[in-house]
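> Spelled out, the chains give:
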Amino acid sequence: SAVISQKPSRDICQRGTSLTIQCQVDSQVTMMFWYRQQPGQSLTLIATANQGSEATYESGFVIDKFPISRPNLTFSTLTVSNMSPEDSSIYLCSVELGPRTFFGQGTRLTVV
Amino acid sequence: GNSVTQMEGPVTLSEEAFLTINCTYTATGYPSLFWYVQYPGEGLQLLLKATKADDKGSNKGFEATYRKETTSFHLEKGSVQVSDSAVYFCALTRLTGGTGKLIFGQGTTLQVKP
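Protein sequences, first through last, are from chains A and B.
Under our numbering, the letters of the first sequence match residues 902 to 1013, in that order.
Under our numbering, the letters of the second sequence match residues 1480 to 1593, in that order.
Listed below are the simulated DSSO-like cross-link pairs for lysine-lysine, each with C-alpha atoms no more than 27 angstroms apart in a straight line:
(1) Lys1580(B) with Lys1539(B)
(2) Lys1547(B) with Lys1535(B)
(3) Lys1580(B) with Lys1535(B)
(4) Lys1580(B) with Lys908(A)
(5) Lys1580(B) with Lys966(A)
(6) Lys1535(B) with Lys1556(B)
Derived from the structure by calculation, the hints contain no laboratory data.
All figures in this text were calculated on a predicted structure; none of them were measured in a lab.
Isolated chain B, as found in the complex:
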């Protein structure tokens, strides 16, 4: 079945460090891929998405490229800030039922220290 695997956390970085959070997936067909973020005390919110192979999603300095050949969607940011501290979830859509039926990875906690 479809699944998403993320690197385990927590990931602890100093401010302005480079961030990579790995995400790989297994799926039949061509799902859309997402990164969601959950800031402390807040709800889950969409960070970026990519809907087809080689698409690059980007938002708030974060980027991820849909790599079909490696079934990956790694999240990157060139220079993290303390305010980026949050839990990050990689997800893909089910093949039926629209974008609301999502399969999530286990989440990766990012802690950025000043």
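With the rest of the complex left out, here is chain A:
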């Protein structure tokens, strides 16, 4: 199995600022994923982050708003840039390890 540590677990941020969320895995993994869960809604995939290449973004998400880094096989960051209240969500990272997918506990972001 994989243990995923996400930081911060929650934050309250001012609009117009940026927040970087960190995701650390205890195993080397090829594929890492970032999801968003808006209030009362389901999880939506933001992007896929592979080590050594640019992240692949899903429709409706762009690199300027959600830049992602993937410096090695155990770590990734997601930045939520120029935040607005609409960005208030839970952000989760997940990894694919063998036939299974594991999730972090999420970062609860509130933008005021």
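Could you slot chain B onto chain A? The hints should help.
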């Protein structure tokens, strides 16, 4: 496109009651189907899965059968416990990119009362 629809919650049951949470999907091809659970204060974790038609996934007393003819993957448990109180998500895989790219339903909150 691919999508997952779950019954709306919250679902409130008494301990030892029978549970059904409905899940239907639309997809091209033959996706794998999953149920994930999120207990209060914890991360999302896999509950069970099925990878092909007529497969039955099971874990912790929960079961779900992959029904291709009705495009459904309903979650059932014969006797729920207070400790089953959580949010349950039905999900399917994208057709490309492995199991990590998941499409989720909106989640169903289950509350079990003693």
